[in-house]
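Model the full assembly from the supplied sequences, consistent with the hints where possible.
Those protein sequence lines, which keep their order, are chains A and B.
Quick note, in the numbering used here, the first sequence goes up one by one and the last residue is 342.
Quick note, in the numbering used here, the second sequence goes up one by one and the last residue is 942.
One thing to keep in mind: the hints can contain errors.
To be verified - Straight-line C-alpha distance at most 20 Å; calculated SDA-like pairs for lysine to any residue:
hint, chain 1, residue 1, chain 2, residue 2
1, B, Lys-637, A, Val-251
2, B, Lys-737, A, Leu-98
3, B, Lys-737, A, Pro-186
To be verified - Some chain B residues judged to face chain A by a derived CB distance under 10 Å, without partners named:
hint, residue
4, Val-703
5, Val-710
6, Arg-718
7, Gly-777
8, Thr-812
9, Thr-814
10, Tyr-822
Just so you know, the hints here were simulated from the structure itself, not pulled from any lab data.
Glycine included, C-beta positions come from ideal geometry on N, C-alpha and C.
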Amino acid sequence: MRTIRDTWLIFDRSLWLTLRNPVWVIMGVMQPILYLLLFGPLLKNIASMPGFPPGGAFNVFVPGILVMTALFGSAFVGFGLCDEMREGVVERMRVTPMSRVAMLLGRSLRDVVILEAQAVILVVLSVPFGLELKIEGIVVAFGLLALIGLMMSPVSYVLALVLQSEDALAPVVNAVALPLLLLSGVMLPMSLAPDWLQKIADVNPLYHAVAAIRALFNANYGDTEILIGTAVLAVLAVITIWMGARAFSRAAA
Amino acid sequence: MNGQPIIETVGLRRTFKGRGKAGEVEAVAGVDLQVQAGRIFGFLGPNGAGKTTTLRILATLLPPTAGTARVVGFDVAKNPDRVRERIGYVAQSGGSYRSSTGRDELIIQGRLFGMSKAVAAVRAQEILEALDLAEAGDRTCGTYSGGMRRRLNIGIGMVHRPALLFLDEPTTGLDPQARARMWEEIRRLRETGTTVFLTTHYLEEADALCDDLAIIDHGRIVAEGSPDELKREIAGDIVTIGANGHSDKIVELMRAQSFVREASMEDGLVRLYVDRGEEAVPQVLRLLDGSGLAPSTMNLHRPSLDDVFLKKTGRSLRESAA
Chain A
90 MRTIRDTWLI FDRSLWLTLR NPVWVIMGVM QPILYLLLFG PLLKNIASMP
140 GFPPGGAFNV FVPGILVMTA LFGSAFVGFG LCDEMREGVV ERMRVTPMSR
190 VAMLLGRSLR DVVILEAQAV ILVVLSVPFG LELKIEGIVV AFGLLALIGL
240 MMSPVSYVLA LVLQSEDALA PVVNAVALPL LLLSGVMLPM SLAPDWLQKI
290 ADVNPLYHAV AAIRALFNAN YGDTEILIGT AVLAVLAVIT IWMGARAFSR
340 AAA
Chain B
621 MNGQPIIETV GLRRTFKGRG KAGEVEAVAG VDLQVQAGRI FGFLGPNGAG
671 KTTTLRILAT LLPPTAGTAR VVGFDVAKNP DRVRERIGYV AQSGGSYRSS
721 TGRDELIIQG RLFGMSKAVA AVRAQEILEA LDLAEAGDRT CGTYSGGMRR
771 RLNIGIGMVH RPALLFLDEP TTGLDPQARA RMWEEIRRLR ETGTTVFLTT
821 HYLEEADALC DDLAIIDHGR IVAEGSPDEL KREIAGDIVT IGANGHSDKI
871 VELMRAQSFV REASMEDGLV RLYVDRGEEA VPQVLRLLDG SGLAPSTMNL
921 HRPSLDDVFL KKTGRSLRES AA
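Structural data, given as structure tokens:
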């Protein structure tokens with residue numbers, strides 16, 4: 090009970106603070122919009138190439154953009170935590186009897202809400218470019234995006250709690266996020282990749298997330314990638330949330 | 621004053637892993653403390669003496685490496701949540717978030733201590749008024765002056781009416797006016813029955829504000845008592861002589877005199893501990909004149925806490941703090 094109540098309190102507070110100063114939210118959605126506008130049109134001609142997965146160009150491309158937004162959106166949430174730590178907010182709350190899991194979960198759920206809002210904007214903007222809306226699939230896909238947020242944001246928070254400064258955090262986050270992104274087939278499908286690259290991608294959870302969301306956007310509801318992607322993300326999210334809660338209860342910040 | 625102490629530590633130690641070859645660093649090296657309820661207790665020492673580390677252990681933020689600490693009746697390592705319910709803590713880094721308003725910070729703090737929204741809102745208003753922040757309550761904390769922000773941080777620490785409030789260097793960096801204001805607030809807390817445990821490296825603050833003091837250096841308590849008791853330990857008065865390069869000779873000469881309890885030198889100054897300063901000064905002058913050791917300056921003063929620190933550690937706190 091205490092955990093649920095505290096999670097709500099932290100979620101509510103964090104969300105308000107984010108909305109009061111929404112620069113990062115807007116920046117976070119501007120980049121994928123540019124990809125939609127300036128990169129998306131290139132795909133029209135590639136979509137007919139051999140090896141390109143079935144489905145319209147945008148039904149293949151938008152899932153990748155959504156995963157990219159989810160990944161980068163949640164990978165950098167630790168920056169906000171560094172700011173709060175410097176002002177003593179985390180320490181102050183650690184001297185209250187509040188739930189340590191809630192310190193993490195309240196913030197991560199805020200990140201998920203922001204992420205979903207950005208995803209809605211991107212999907213709506215993609216319709217004029219030729220995205221075909223498969224509503225059931227998109228709804229489930231949004232659930233997978235939430236799992237990506239729940240998996241990645243704790244990683245960012247743990248790194249922030251350990252490294253304690255934006256300067257130290259930025260290169261580490263980039264070093265983690267960029268390979269994850271490149272090996273996930275976000276821009277171009279991994280089916281175009283040579284064998285060895287494909288093998289590496291196989292162990293990247295985000296590769297499975299992209300594959301699952303692509304299947305959902307194309308209404309291939311029987312595709313096993315949907316189950317694989319969901320299971321991988323869910324298991325990893327449980328692990329990272331557990332790690333994150335531990336980091337908050339120990340933080341020597 | 622006769623009840624259980626509100627803070628009691630036995631053999632408290634905390635070591636940190638050093639960087640590189642330094643090995644382990646002992647930040648707190650066996651601290652035994654007793655703090656009585658209802659007092660303003662000052663923890664005085666230079667930067668890096670172990671004040672903040674001790675405070676963080678007592679506030680449940682850092683587990684001790686060895687020893688025990690009981691705070692508000694509970695062991696900090698075994699029952700941290702019970703301790704947290706009854707203490708407030710204001711870090712040096714503050715605690716209020718600059719993008720949030722003072723009122724919102726107070727309300728969320730109250731709610732994290734289990735208050736309903738309505739109760740927390742009433743309490744927030746109460747505190748804003750008590751701390752003279754009512755008009756600033758709905759502005760973001762980033763717009764506050766240093767003194768206002770510090771007052772708000774203390775307000776956040778006392779939302780749940782803790783029995784014991786920890787303040788880490790509450791006046792560091794404040795201008796004299798804001799500092800005086802802060803002292804006033806801290807005394808008012810004592811009046812309401814709250815025990816205040818604060819760290820400081822300001823001698824004036826320790827002297828003027830605190831009922832009891834512990835002086836810490838290199839992770840150990842070197843002296844303990846009320847400011848007056850501590851100063852009384854240094855019996856009599858202190859005569860400081862500008863030695864004009866004759867320190868050695870002057871010390872030698874003075875040590876031979878029966879009215880001088882002790883003579884020491886430091887930075888070209890000779891310090892004499894004497895019973896009656898006003899009688900000693902003319903005698904010292906005569907002696908120096910007679911030996912051709914004319915002093916450049918002479919100064920008589922009653923012992924200060926700095927003299928206590930100097931006597932216990934061989935260093936001046938003013939220099940170490942600088």
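We went through each hint and held it up to the structure:
The straight-line distance between the Cα atoms of Lys-637 (chain B) and Val-251 (chain A) is roughly 15 Å, inside the 20 Å bound, and the hint therefore holds. Between the alpha carbons of Lys-737 (chain B) and Leu-98 (chain A) the distance comes to roughly 11 Å, so the proposed pair stays at or under 20 Å and holds. For a cut-off of 20 Å, the pair hint linking Lys-737 (chain B) to Pro-186 (chain A) stands: about 18 Å separates their Cα positions. Because the closest C-beta pair between Val-703 (chain B) and chain A is about 9 Å apart, less than 10 Å, the hint holds.
Because the closest C-beta pair between Val-710 (chain B) and chain A is about 8 Å apart, less than 10 Å, the hint holds. Because the closest C-beta pair between Arg-718 (chain B) and chain A is about 6 Å apart, less than 10 Å, the hint holds. Restraint check, Gly-777 (chain B) versus chain A: the minimum CB separation of about 8 Å is within 10 Å; hint holds. For Thr-812 (chain B), the shortest C-beta to C-beta distance to chain A is roughly 20 Å, which exceeds 10 Å, and the interface hint is violated.
Annotation: Thr-814 (chain B) was flagged as interfacial toward chain A, and the flag is violated, the nearest CB pair being 15 Å apart, outside 10 Å. Taken as an interface hint, Tyr-822 (chain B) does not check out: its beta carbon lies about 21 Å from the nearest beta carbon of chain A, beyond 10 Å.
The structure does not agree with the numbered hints 8, 9, 10 stated previously, though it agrees with the rest.
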